[in-house]
Amino acid sequence: MGKRNMVGAGVLLGLLVALPPLLHNHYLTGVFIVCAIDGIWAASWDFFSGLTGRENFGHALFIGGGAYAAAFLNGNFGLNPWFSIPAGIAVAVVFGLLVGFPTLRLKGPYFALATLASAAIMQQVAINLWQYTGGSEGIYGLDTLIDSSLGSYYLVLAILVATVVVLSLIARSRWGTIMRAIKGDETACQAAGINVTFYKIASLAVSAAFAGLGGVLFAHYQQAVTPDDFDVFLSISVIIMAYVGGIGTIWGAACGGILLNLMLELMRGLGEYRLWVYYVILMVVLFFMREGFVAPLWRRLRGGNA
Amino acid sequence: MSALLEVEGLTKRFSGVTAVKDVSFTLGAGEITGVLGPNGAGKTTLFNLLTGFLPSDGGAARFEGKSILGAAPHVIVNRGIARTFQLCRPFHGMTVRENVVVGCLAPRVHAGGGLEQRVAEILGEVGLAHKAEQPVEILPYGDLRRLEIARALATRPQLLLLDEPFAGLGAGEIEPLVQLIRRLHDTQGLTILIIEHKLREFMQLVSRVIAMDFGEVIAIGAPADIVRHPRVIESYIGKGAHAIA
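Chains A and B supply the protein sequences, listed in that same order. This note's numbering applies: residue 1 is where the first sequence begins, and numbers increase by one. This note's numbering applies: residue 1001 is where the second sequence begins, and numbers increase by one.
Just chain B, with the same shape it has in the complex:
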């Protein structure tokens, strides 16, 4: 398995607080990897660094062997890395279909005349085909989550970064979304990096977990090993509980 994304010593400081500290990991092509950590661990900041929404303060990140640090967000998307946002950010004032069309207009896509067909395929894939002409303002939250993924897929990514895709969803909505993500991986060979702060949702989905706390990587390994890792337990339960145990 060749490395699609290599991250080395990535660092980001916000006026004295180090939000991401010397983070290193690699993603193999075709892997589904999770980034786990409590709130404030630096997970979203890591995503923002990798997608060009924030400038880094040090380290390196290479996608297909070429540096992506310092590139503008739209340039990185056109290199093949797409992302979703933790809080859904649909284009208000537009329909579901138009929201996906915008992703297909990225220069990378070259949809040309096949644009409408491609949009229809993506909407079918994520299960929003029957809502294509609805304005996004009336979509329920679970559908907005799917629309985030649809818009990212429209840019034809090789690497998909999902920022808490299950946040705010009811128990009944999570399982179909897990299946959707697995299907995208299986049928399109997508490499996927998923942020979650709860263990349960993605333990069944990911093959490897990068555990973070206070901006640092504290452990990398298989899900079953990560849940038993003392520093991961500590970061979730706290030192007090650890001392009692």
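Bound conformation, chain A alone:
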């Protein structure tokens, strides 16, 4: 990590730490919490799909898995909310393995379709098994992990930072090199003696773990889960966040999540035109900035290659 990158990361982190208490607004602190959770989701999506090039269209499967695990344990059975974190991660990893094993051996669009379909199936399951899941109403009355909203924000922010750091370290390791080689040419990667299927499945499990963790945080912040936690709209939103941030950069994807959420909130004044403006901006970014917005912008500001 170059000196300028360190300074950039420090300034950004300083802003994220200082802004909510300075603004001193309960509603805005809530916005920042959702921003940070979006950052966790986008970074974890980017880790798998950005590095291996296999596009996951059902990240909400892992998010919802984590969220519902929290809701069952804490909401239905009244367990201490901190148990949700390991449980949510475990459920998301199991979902990742269940989707990954049959589909990541195959080439072509099977994986993208399977992830899209599995999230949709789980959404229907969450609606139909209403005796256990509360149907389309979901499960209400979860405890918060930390009572003060500022405390909750710092917890989520710390987990976002840890997520970006851990995933970036893996991405820079030999494991990450193999993931990029899989993106480059899967057949050649096999010819280089690499067990491609193993690395794809393991990487998806890691990605799922962090998405599930984000799902747990979201469930306890909202104090509720609904079948929307499995929604395709959520999966697509996460992909857009990663694209806007800069695919394959992890930190950029996290920033994309924060930025898009802030943007939506800042445009509340536009009333009903808000989503129009939002999607026009997204289309401009996706069409004209093929490598995303945040990471390429930083490369320009920073200059050099460090």
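In case anyone wonders, no lab produced these hints; they're calculated from the structure. Treat each hint with caution, since some may be false.
[As the list claims (entries may be wrong)] Now the stretches of chain A that chain B is said to cover, found in silico as 3 or more residues with beta-carbon under 8 Å:
hint: 1; region: 171 to 183
hint: 2; region: 193 to 205
[Claimed, not checked] Beyond 12 Å from chain B on every Cβ pair, some chain A residues (computed):
hint: 3; residue: His24
hint: 4; residue: Pro102
hint: 5; residue: Ala120
hint: 6; residue: Asn128
hint: 7; residue: Glu186
hint: 8; residue: Ile281
[What the hints assert, rightly or not] Distance windows between CB atoms, simulated:
hint: 9; chain 1: B; residue 1: Ala1222; chain 2: A; residue 2: Gly108; range: 44 to 52 Å
hint: 10; chain 1: A; residue 1: Tyr110; chain 2: B; residue 2: Asp1022; range: 30 to 38 Å
hint: 11; chain 1: B; residue 1: Gln1117; chain 2: A; residue 2: Arg299; range: 26 to 34 Å
hint: 12; chain 1: A; residue 1: Arg172; chain 2: B; residue 2: Gln1117; range: 16 to 24 Å
hint: 13; chain 1: A; residue 1: Arg302; chain 2: B; residue 2: His1092; range: 52 to 60 Å
hint: 14; chain 1: B; residue 1: Gln1117; chain 2: A; residue 2: Ala9; range: 29 to 37 Å
hint: 15; chain 1: A; residue 1: Leu297; chain 2: B; residue 2: Gln1204; range: 54 to 62 Å
All figures in this text were calculated on a predicted structure; none of them were measured in a lab. Glycine included, C-beta positions come from ideal geometry on N, C-alpha and C.
Let chain A serve as the given structure and place chain B on it in line with the hints.
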């Protein structure tokens, strides 16, 4: 000379077409052998069977006495058989050095802390050391051919399968590559199997030739004998020409 690779009755069918038909041969340790045949003779299919990229429909293949048929490609590489591809397949989005690093990450290699040094050695060996940090996208074709070989070497093979290593190269680029392959054989004791469909390039390189046509082995022998073999001449020139002669 003990047999490193034994192939017996190897067969592969694609919906009615028999691409490789009852192919048998052995490779001695330390040999350089050529597989010769016109386009469509089944040479690349043979490579794909031996490296696990295609399942076979019959026959046997043993490497160091143990069967390799049915094993996954990465398992076969870790047993000691590496290959290159007829069309270069570099890892896009990575540098030349990183492309070779991936080969060194095969479990067989155990490069550990010496990884960077080993990568540097291989790049030096194939003549790409000065381009180590270049992205593969800007490499000229001749260098991509060398990179294919470098990545295969990184897995520390005993047997190296080269699929048309001279394809697409200019006359000036072929001779240095021939020397590189000979040097790998001489200094590292590599056993090498080379596919070519043109005679000239590898006649000077190989000690033995397996000639194929329509999926079958039509002759095995020394290069000088193979070029005079009537069935080899027929497969290259065609029956019409043979009838005229």
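Non-conforming hints, listed in increasing numerical order
Hint check: 7, 13 fail, others pass.
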